[in-house]
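Following the hints, position chain V against chain U.
Here is how the chains run, residue by residue.
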Amino acid sequence: MNRIRGFVEKAGWARIIIGMLLLSLFIAAPSVGVRVDQSITDVIARFGMNGIMVLGMIPMVQTGCGLNFGLPLGIIAGLLGATISIELGLTGIAGFAGAIGLAAPFALLFGWAYGKLLNRVKGGEMMIATYVGFSSVSFMCMMWMLLPYRSPKMIWAYGGSGLRTTVSLEGFWIHILDNFLAIRIGGNFLFPTGMILFFVFMAWIMWAFFHTKTGTAMTAVGSNPDYARAAGINIDKMRSISVIMSTVYGTLGILVYQQSFGFIQLYNAPFFMALPAVAAILIGGASVNKANIMNVVIGTILFQGLLTMTPSVINAAIHSDLSEVVRIIVSDGMIVYALTRVTRKSR
Amino acid sequence: MTKKTGFKDTISQIFVGNTVPIMFIVLIIFAIPLSGFSSGYLIQEMVTRVGRDSFLVLSLLLPIMAGMGLNFGMVLGAMSGQIGIILVTNWGVTGVGGLFLTMALATPLAALLGWMAGIVLNRAKGREMVTSLMLGYFMNGVYQLVVLYFMGKIISIKNPVLVLSRGYGIRNAVDLKGIRQSLDKLLLLKIGDISVPLATFIFIALLCLFIWWFGRTKLGHDMRAVGQDMGVAEDAGIKVEHTRIIAVILSTILACYGQIIYLQNIGTLNTYNGADQTAVFAAAALLIGGASVVKASIPNVFIGVILFHMMFVVSPMAGKTLMGSAMIGEYFRVFISYGVIALALALYVWKHLKERERARRSLRGAQEP
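Keeping their order, the protein sequence lines are chains U and V. FYI, in our numbering the residues of the first sequence are 1 to 347. FYI, in our numbering the residues of the second sequence are 1001 to 1369.
Check before you lean on any hint, since a few could be wrong.
As the list claims (entries may be wrong) - Which bits of chain U does chain V cover? Going by a derived footprint, with three or more residues having C-beta under 8 Å, they are:
(1) 108-121
(2) 128-134
(3) 141-151
Said to hold, decoys possible - DSBU-like mimics (lysine-lysine), calculated; alpha carbons at most 35 Å apart, straight line:
(4) U:K116 <-> V:K1295
(5) V:K1239 <-> V:K1351
(6) V:K1295 <-> U:K237
(7) U:K213 <-> V:K1239
(8) U:K237 <-> U:K122
(9) U:K122 <-> V:K1351
(10) V:K1218 <-> V:K1351
(11) V:K1218 <-> V:K1354
(12) V:K1351 <-> U:K116
(13) U:K122 <-> V:K1008
(14) U:K122 <-> V:K1354
(15) V:K1177 <-> V:K1158
(16) V:K1354 <-> U:K290
(17) U:K290 <-> V:K1239
(18) V:K1354 <-> V:K1177
(19) V:K1295 <-> V:K1125
(20) V:K1295 <-> U:K122
(21) U:K116 <-> U:K213
(22) V:K1295 <-> V:K1218
(23) U:K290 <-> U:K213
(24) U:K116 <-> V:K1125
(25) V:K1354 <-> U:K116
(26) V:K1354 <-> U:K237
(27) V:K1008 <-> U:K237
(28) V:K1239 <-> U:K116
(29) V:K1295 <-> V:K1351
(30) U:K153 <-> V:K1320
(31) V:K1218 <-> U:K290
(32) U:K237 <-> V:K1351
(33) V:K1354 <-> U:K213
(34) V:K1125 <-> U:K122
(35) V:K1125 <-> U:K213
(36) V:K1351 <-> U:K290
(37) V:K1125 <-> U:K290
(38) U:K237 <-> V:K1125
To be clear, the hints were calculated from the coordinates, so they are not data collected in a lab. Where a beta carbon is used, it is the ideal one built from N, C-alpha and C, also for glycine.
Pulled out of the complex, with its shape left as it was, chain U reads as follows:
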């Protein structure tokens, strides 16, 4: 009994309930005619697509900047890299690498400026980050219309200027990571080895970084700012580094997402991309000021699993499309729950 109670306490009720729900959906799947192998393939693919953006939550949470609701900034850098890469006509590996290379300066620049801003508004980071994200997305909506892109693959066919709302990656770098060493079993199961390897690699970098001197200092800043100051750590610098890291991970994350999804989504698409990432890491057991890689892995699998399974199983069972509503209730409910769970530590 004590062991059960210990487990419940450690895992948290929210995680257990969502885990149970997911499990029951998998059990119910065959009886309503949904293929389990197909579902597992979908869950793995969506884990790979979203995992790196969720990883990007860790640095900012660890240095006490809160959840990165400003993820759209990193996403915008990624979109810039991707569109410029296509504009230059780069394809295949060169296209994907080019997108990363071209996005990197933007990511560093945005992250640096965003970090500067957040250092000036300590204590109000999350709210301001949300609105910095929103306003930069709407600012870029104007830019996508005005920037002098010329590639006929991207601009509206009529009018001859302004980017389309979605740009296909067909013929550029669609599935470039997914298909790398991909394992196919039967007609329905596919393991996107390259994408998962990339996630593991990025997670390893994150893990290794938090074991360096700078990484430990960053954790100290988040868990005890007074101690960190006394130890001579430059708090603002550590916070800046964490914000830049989070932004860069957001940038890489969206590029990985795009190559698997097959499209670049512009204009209003990045608006609500931060919420699923935030919800995923929270479901994984992270709190507003503590997160690790296990939280990311568990949370992304649970959350994306739920998102994949609910529509297919529920649609097949009761013939109505509840998926969008379930997504909103689960992800935003989880965020509200996490925000109310921990009382703010006195500063």
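Okay, now just chain V, sitting in the frame of chain U:
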């Protein structure tokens, strides 16, 4: 501290305090000639929009007084109002009677949701705003579940004007023939070419009076004390959590009435995409009026509504003249709404930290000799 830095501080304080309204006035002065609208048109638009939107913005005042920041949870009130409107439209009650029935029906729901929001926000002290924002998103999901799946199945809605052809769920856009402009047209005053919806303005004036009066009651004083310092208020024997819950309940109920007034003016219910945006626009308007997260007054509301909506009206046309595309203007005003909230929040926190720093410095200065 020398005199010179003191002077510079005062200047920067004045500038920082009013950056947002100043910026907007400048922006609008440039945009009005570009849009090419006549002054008569603009005045009519402003009168209509002040009548339509100020009630919603006024609903934000009480939580700010209680130190809870911008109550993005006001969308809960807006949703209650919409549910009231759906029910009344279903029963076919029309006119001002229908409007007041809507309010009577929606009030208990808004109070219940407000009470719940208050409890949630009490558990998230220090980050009420982001929590209320997320709570709004969450409740939007619940609202969609109720309106899109329960209505017609569990809750009896029969009117074919409302129900989707599949037999349950409410249509995306509902024509509110019954109550359209019923309050606005109740007492319509014509001044030259401009028509003024007098009844709506009387309603708004009554609310302003209520807020003014409320600030002078015992509860109002308590609320302000809680807003100043929760610890001190607690020591003074004020029930802090109770007071905060009341502030949120009142705000939610007022937002509910605000949404009903808004919808009777618009005349169409945008069932799924309307409510979640109300808080953003209301908050942006209030901040543009020169309010901050801790201090907002009734004049802020009206200045803000006028400036914000002036920009809203002129920017698409100005965008068309300037860039050759009205879409740019559309994006621009969305950018401004979000940008101004980000800017006002950042300026406020920054100012707050600077003041604390200044206080610490002067304390150190006093101890030195």
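* Take the C-alpha atoms of K1354 (chain V) and K1177 (chain V), compute the straight-line distance between them, and say whether it is at most 35 Å. => 53 Å, violated
* Compare the distance between the alpha carbons of K116 (chain U) and K1295 (chain V) with 35 Å, and conclude whether the hinted pair is satisfied. => Cα-Cα ~26 Å, so holds.
* 35 Å limit on alpha-carbon distance, applied to hinted pair K1354 (chain V) and K213 (chain U) -> 31 Å, holds
* Take the C-alpha atoms of K116 (chain U) and K213 (chain U), compute the straight-line distance between them, and say whether it is at most 35 Å. => 22 Å, holds
* Asked: Are the Cα positions of K116 (chain U) and K1125 (chain V) separated by 35 Å at most?
  -> 26 Å, holds
* Is it true that the CA of K1295 (chain V) sits at most 35 Å from the CA of K1125 (chain V)? -> 18 Å, holds
* Are the Cα positions of K122 (chain U) and K1351 (chain V) separated by 35 Å at most? -> With Cα atoms ~11 Å apart, K122 (chain U) and K1351 (chain V) stay inside 35 Å; holds.
* Given the hinted pair K1125 (chain V) and K290 (chain U), is their alpha-carbon gap at most 35 Å? -> The hint holds at about 19 Å.
* Taking only the CA atoms, is the gap from K213 (chain U) to K1239 (chain V) under or equal to 35 Å? -> 47 Å, violated
* Hey, K153 (chain U) versus K1320 (chain V), does the alpha-carbon distance stay inside 35 Å? -> 26 Å, holds
* When you check the alpha-carbon spacing of K237 (chain U) and K122 (chain U), does it fall within 35 Å? -> 13 Å, holds
* K1177 (chain V) paired with K1158 (chain V) [C-alpha distance capped at 35 Å] -> 17 Å, holds
In summary, the structure is inconsistent with hints 7, 18, 28 and 31 from the numbered list given earlier, while agreeing with the others.
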